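Novice: Take a look at the letters that make up each chain.
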Amino acid sequence: MPKITYIEHNGKEHVVDVPVGQSVMEGAIKNGIPGIDADCGGACACATCHVYVDPAWQPKTGESSAMEQSMLDFANDLEDNSRLSCQIKVTDDLDGLIVRMPRSQH
Amino acid sequence: MAEQQIRRVVIIGAGQAGGEAAQRLRAGGFAGEIVLIGEEPYAPYQRPPLSKKYLSGEMGVDDLLLRPAELLAQEKIEFLSQRRAVWIDRANKRVRLEGGHETAYDALILAPGARPRRLRLPGADLAGVHVVRTIADIDSVKPAFTPGAKLVVIGAGYIGLEIAAVARKLGLDVTVIEAAVRPLARVTSPEMAGFFLDDHTAHGVRFLLGAQPAILKGDARVRAVGLADGAEIEADLVVAGIGVEPETSLAQSCSLPVDNGVLVDADARTADPAIFAIGDCARRPTSFYNDRMVRLESVHNAIEGARIAAAVILGQPRPKQEAPWFWSDQYDLKLQIAGLFNGYDRIVQRGAMADRAFALFYYEGQRLIAVDAVNRPAEYLGAKRLIEKGASPPPDALADISIPMKTLVAQA
Numbered sequence: 001m002p003k004i005t006y007i008e009h010n011g012k013e014h015v016v017d018v019p020v021g022q023s024v025m026e027g028a029i030k031n032g033i034p035g036i037d038a039d040c041g042g043a044c045a046c047a048t049c050h051v052y053v054d055p056a057w058q059p060k061t062g063e064s065s066a067m068e069q070s071m072l073d074f075a076n077d078l079e080d081n082s083r084l085s086c087q088i089k090v091t092d093d094l095d096g097l098i099v100r101m102p103r104s105q106h
Numbered sequence: 001m002a003e004q005q006i007r008r009v010v011i012i013g014a015g016q017a018g019g020e021a022a023q024r025l026r027a028g029g030f031a032g033e034i035v036l037i038g039e040e041p042y043a044p045y046q047r048p049p050l051s052k053k054y055l056s057g058e059m060g061v062d063d064l065l066l067r068p069a070e071l072l073a074q075e076k077i078e079f080l081s082q083r084r085a086v087w088i089d090r091a092n093k094r095v096r097l098e099g100g101h102e103t104a105y106d107a108l109i110l111a112p113g114a115r116p117r118r119l120r121l122p123g124a125d126l127a128g129v130h131v132v133r134t135i136a137d138i139d140s141v142k143p144a145f146t147p148g149a150k151l152v153v154i155g156a157g158y159i160g161l162e163i164a165a166v167a168r169k170l171g172l173d174v175t176v177i178e179a180a181v182r183p184l185a186r187v188t189s190p191e192m193a194g195f196f197l198d199d200h201t202a203h204g205v206r207f208l209l210g211a212q213p214a215i216l217k218g219d220a221r222v223r224a225v226g227l228a229d230g231a232e233i234e235a236d237l238v239v240a241g242i243g244v245e246p247e248t249s250l251a252q253s254c255s256l257p258v259d260n261g262v263l264v265d266a267d268a269r270t271a272d273p274a275i276f277a278i279g280d281c282a283r284r285p286t287s288f289y290n291d292r293m294v295r296l297e298s299v300h301n302a303i304e305g306a307r308i309a310a311a312v313i314l315g316q317p318r319p320k321q322e323a324p325w326f327w328s329d330q331y332d333l334k335l336q337i338a339g340l341f342n343g344y345d346r347i348v349q350r351g352a353m354a355d356r357a358f359a360l361f362y363y364e365g366q367r368l369i370a371v372d373a374v375n376r377p378a379e380y381l382g383a384k385r386l387i388e389k390g391a392s393p394p395p396d397a398l399a400d401i402s403i404p405m406k407t408l409v410a411q412a
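Quick note, the sequences are listed as chains A and B, same order. Take 1 as the starting number for the first sequence in our numbering and just add one per residue. Take 1 as the starting number for the second sequence in our numbering and just add one per residue.
Don't take each hint at face value.
[As the list claims (entries may be wrong)] Covered, in the sense of this in silico footprint (three residues per stretch, anywhere, with C-beta under 8 Å from a C-beta of chain B), are these stretches of chain A:
#, stretch
1, 21–32
2, 40–53
3, 61–72
The set of hints was computed from the structure by calculation and includes no laboratory data. Computed from a predicted structure; not experimentally measured. Every residue gets a Cβ at the ideal spot worked out from N, C-alpha and C, and that includes glycine.
Build the full structure now, drawing on both the sequences and the hints.
Specialist: So, in structure tokens, the structure goes:
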């Protein structure tokens, strides 16, 4: 099962196994990792699952969709590697993925 | 503060609000006991997908779960499933469960949700007549969702229309009966309602508007819906989406003030300082609309109430309110709503309905109070930020699609 490293804004690391097919957001929620709120549960309706994808992993996580980009435009502390973690589906290729959390989701 | 002595929090209701409250208490550093009591067999789960991707089969129970039972155990949240609270003894701070077991609390959070209204018609107890609230409700209706089956949806609110959309995708024959003269009458403007009416009609849904169901006919199983005017619509199954009633009986039985919901203040506290109420059952002041008392049925309301109650119990600053937000998915349409449209006197449209990507902004006088955005996430989030800032761009600017929402928000 792919291992994903979530790094909270305060630097605390969580490494968890996330099944292929789940989203990076679900991996955090189902393991109780703080820093991703995901208020809408993955319906792309709230923009509270914002993460920064480690630059080395950006080619593998792909581009954000137009809808995701429109939501991200209103996220706090937007960076080039910002993504909504509900829109990144976990695949075997993402084994080792590292994402960092923003200061706040609201 | 009395909050310092809280060692045991009991939460009645293990839905999105109750689950969020338990988790926020723990995450916020609460070291005492947390007891989460739910009537259903499941750990806290998301209800919105029930009428969407769970019904269509794109999501399973595991996908719905917000906090799996193992995670609750890890967080030392005592989860009592399939248990029902029947009495609150406020004087002695105890909750009695069905079967007689009693449990003590220092703080009590009421999060029992709402129950779907059932049809009060002859034949409403026939097999094949359903409501939509729980996993079990959908599990019972899903096997009948087969191509060609005749579905009659009673009630053209968001739930009814979401069910209709899934049913059409699965090839059912769908008729929607609505007592009002238009769909979504309670929740949006005639303009937006008209768009959804046209879209569903184009997808093959038949609407009977201004129609009054009078009887459900059949022997053991429903076979037709009879209307007040004598018309009869064949049905293999009937789904009623006619709203919910807040679950307030526990609060009422211990004499807490109830008026279309358990009344709470900005701290989510009821008239009893040891008892909080959150989620669908609670009616609370909303800061963006002059502290108007509102009872909202939404994910936003569930989690915000939970976060407020948890912060107050922890003696931490209360989180700021968000502008109320909602969403609905029908076919390829994602409707996103921010704010409360009640009381609007002007609509500003941005984008064309024909493009299936547009937004309606609602103004009350000069003030922007709400947005309904269809496949327009920037308009939705932008308007939400504007409402939260108390900013209202000139209507002409909002209507001008060449000005990005981002710019309008930055200028506000």
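Novice: At a Cβ distance under 8 Å, does chain B reach at least three residues of the stretch 61–72 of chain A?
Specialist: holds (count 3)
Novice: Would you check chain B against the stretch 40–53 of chain A, counting CB to CB pairs closer than 8 Å, and say if three or more residues qualify?
Specialist: holds (count 7)
Novice: Taking a Cβ-Cβ distance under 8 Å as contact, does the stretch 21–32 of chain A have three or more residues in contact with chain B?
Specialist: Held - the stretch 21–32 of chain A has 5 residues with a Cβ nearer than 8 Å to chain B, which meets the minimum of three.
Of the numbered hints listed earlier, not one is contradicted by the structure.
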